[in-house]
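Protein sequence lines, in the order shown, are assigned to chains A and B.
Under my numbering, think of the first position of the first sequence as 1, with each following residue one higher.
Under my numbering, think of the first position of the second sequence as 1001, with each following residue one higher.
Certain hints may be false.
Claimed, not checked - Chain A regions said to be covered by chain B (calculated; three or more residues, Cβ under 8 Å): (1) 444-455; (2) 466-476; (3) 496-508.
What the hints assert, rightly or not - Output of the computed footprint for chain A on chain B, the stretches with three or more beta carbons under 8 Å from beta carbons of chain A: (4) 1051-1064; (5) 1080-1090; (6) 1106-1112.
What the hints assert, rightly or not - Reference excerpt, derived from the structure (chain A facing chain B, CB under 10 Å, subset only): (7) A30; (8) W34; (9) D147; (10) R316; (11) G320; (12) D353; (13) L394; (14) S395; (15) S459; (16) N461.
Everything labelled a hint here was simulated from the structure, so no lab data went into it.
Glycine included, each C-beta is placed from N, C-alpha and C at the ideal position.
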Amino acid sequence: MKARVLLAIVSLVAAAAGTVRLDAQAPRAAAPYWVLSADGRRSVTAATVGDQDMLRLDDLASMLQLTVREDRAAKALAVARGTSVVVLSLDQGLASIGGKIFSLSAPPARDGSRWLIPPDAVSRALAPIAGVRMEVRRASRLIVLGDLRVPRITVQQEPGGPPTRVSIDIAPRAAYTIVQEPKRLLIRFDADSLDIGPISAGGGLVESVTAADPLTLAIALAKDFGTFRAAAAPVDTASSRLVIDLTAAGTSPLPGATRPQGPPPAVPAQAPAAPPQAAAAGQPPETPVALPGAETPGVRTIVIDPGHGGDEQGTRGASGVLEKDLVLDVARRLRGVLDSRLGVRVLLTRDDDRIVPHDERASIANNNKADLFISLHANSSPNRSAGGAEVFYLSLDGLGAEARKIVESPDSKPVPLLGGGSRDIDLILWDMAQARHLSESAAFAMFVEEELRRRIEMSPNPVQQAPFRVLVAANMPAVLVEMGFLSNPEQEAQLVSDDFKNRVVQALVDAIVRYRGRVEAQAAGRLP
Amino acid sequence: MAVTLRAAALTIITAAAVGAGAWGAVRVLSRPSRGPVAAAPSQARQPDAGRRIKAMLYYVAADGLRLVASERDVVYAEGTSEQAKRIVEALLEPAPEGLASAIPPGTALRGLFIGEQGDAYVDFNGSLRTNHPGGSASEILTVYAIVSALTANLPAITSVQILIEGHEVDTLAGHVDLRRPLPNALQWAEKGTT
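With the sequences and hints as input, model every part of the structure.
Below you can see the structure in the form of structure tokens.
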């Protein structure tokens, strides 16, 4: 038997290493460890031997379907799953898998009739034979199983200020959303669970930092809190730091609260032109997108499409305001806020004054696997008194029977059977894209409408469907927002104001946050 | 298969449009004036010169956001295609008192062809696009004033594709997808008539 041979090897090595066996000390009860897995959270009985945490092997064995056998002659434990075996020496902290010997912080210890093993034996000895990654975090008494995303969160408040600065370390990196409520900021992490470490905060504009729920950190705000700015910076390849600066009401807004209008970014969602360090500070934590589990539904990448551009000016207000300029300005502002507050990747279909063909706008979103597409426009009517914002999603008018079929059976993947003409095939495939997302587009359009209505005037037809060219090929939920009528002189004056633009931006940010909540709830099975 | 047929039909139609478009241009240029409907130039070439039909034409409603139907006299013509031309020409005339036209100034009809399955291809000169004020509301009004005028009055026409100078276009002003025939969409018109 192979196991038998391994036991012998371990015994020999143990013998050669001499007897440094720990004096048997009576285990003392300790707080349990928790194993987090896709199935939930289970406790593992723990004890302290000397100053060493030890975990009950039986608990782990039943969880991982391992068999445990003591070989008294070889003074070893054989732990097996199927044909994989690890042998743990009972004399000293050594173990062997497949002839390869490695050390452990302590040998197994006896607790009555049960065996205890040191925490590092879980990740080093049990994980390889169980065929699953097991990450042990002693400080938080956690064992994370598999690819579960459980970032460790540590919070530190820097002394002094203003501004009051709270640094939140996130390891490994995770995307997050910051939601401002009247008396607190909520930081909701895109993770399976949180491992909340030491929190050292309070004073200045922060009353306390606590866990609001298993995935949310709450910063309770002092009365005179005014505004905040958040920036994320990667600490190393695995972790990132979110820095939140809080300023009191009545003080001047923080510099850089909105993104400066730099040249078009070479890499989308990169920081604005600035010294390298500052650039890093403005960079959103993009890595979570690539982490295992990124396939789960979410809103990680958003494409903003400023309408028109170049010679294609869009509409023009009576006093000369051009739609193409207005929507680019709003798009950049929106990107700035999304970058700093939501930790999502944001791309613009154009970041300067140029013509971008409709299909290219959709391609940018499709090729970057965007989760939302938002086209920004300003309106015009033959009647100068017409005013108010409108939100559109696609109607299938004119897209033909093929598109309708998709809507009727969303799971079908039609391959058009055509006698010839590759151009027609291309058109059909592109045109199918948005048809699959209509109900989500409608849901997002409703959120946008509700959030806009709280802040700006809406048209009598606030949510509509139309066969809009730019939405057709978008392979993700997509809306087109007409923020107001440039043909209405009063509205034209409003539309160019910072206040109006910022209202539109805030409405869109809040709509995105709500939509993200919907997507996550759906993924968790809480919505149909 | 339907798409291939449509593409083939469109090729034939576009080819025809080149010739017919030239004819249309000459015809429009030779118009004496854009007077009242009774003095429409088509009168001279029609055997039933005096005959008229009632047609619903669509104009900008008071709110500037919807179309409103208005019953107008249109010169009678033999055959769906000819009648469709007369209807579009009537739509290009100045709007009746109290209403605004959704069609940009200078727009002229170059040709009109009816394809298979009731698709009408309506070819306009470039003014439809170059004189368009932009904005999705205005563009929707323009497109559906044309689509509705044909589909509401001629049962044989079920959808309408707008061409400019004989060519398919993406959009008029950057919003409405004009690459395929559009069926009528009633939501753009107010209920009732003026």
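Evaluation of the provided hints:
1. With a threshold of 8 Å between beta carbons, the proposed coverage of the segment 444-455 of chain A by chain B is violated, since 0 of its residues qualify and at least three are required.
2. With 6 residues bearing a CB less than 8 Å from a CB of chain B, the segment 466-476 of chain A meets the requirement of three and the coverage assertion stands.
3. Only residues whose C-beta sits within less than 8 Å of a C-beta in chain B count toward coverage, and the segment 496-508 of chain A has 0 of them, not enough to reach three; the restraint is violated.
4. A stretch counts as covered by a chain when three or more of its residues have a beta carbon under 8 Å from one of that chain; for the segment 1051-1064 of chain B and chain A the count is 4, and the coverage holds.
5. Here's how the segment 1080-1090 of chain B fares: 0 of its residues keep a CB closer than 8 Å to some CB of chain A, so the rule of at least three is not met and the hint is violated.
6. Coverage of the segment 1106-1112 of chain B by chain A is violated in this model, with 0 residues showing a Cβ closer than 8 Å to a Cβ of that chain against a need of three.
7. With a least beta-carbon distance of about 66 Å to chain B, the hint placing A30 of chain A at the interface is violated under the 10 Å criterion.
8. For W34 of chain A, the interface hint is violated, the least distance from its beta-carbon to any beta-carbon of chain B being 54 Å, above 10 Å.
9. Interface restraint check: D147 of chain A against chain B, minimum CB-CB distance 42 Å, threshold 10 Å, status violated.
10. Given hint, R316 of chain A at the interface with chain B, holds; its Cβ is 7 Å from that chain's nearest Cβ, closer than 10 Å.
11. For G320 of chain A, the interface hint is violated, since its Cβ never comes within 10 Å of a Cβ in chain B; the closest pair sits about 13 Å apart.
12. For the restraint placing D353 of chain A at the interface with chain B, the shortest Cβ-Cβ distance is roughly 15 Å, beyond the 10 Å limit, so the hint is violated.
13. Taken as an interface hint, L394 of chain A checks out: its beta carbon lies about 9 Å from the nearest beta carbon of chain B, inside 10 Å.
14. Taken as an interface hint, S395 of chain A checks out: its beta carbon lies about 7 Å from the nearest beta carbon of chain B, inside 10 Å.
15. The restraint placing S459 of chain A at the interface with chain B holds, with a minimum CB-CB distance near 6 Å, inside the 10 Å limit.
16. A hinted interface residue such as N461 of chain A counts as satisfied when its beta carbon comes closer than 10 Å to some beta carbon of chain B; here the least separation is about 6 Å, so the hint holds.
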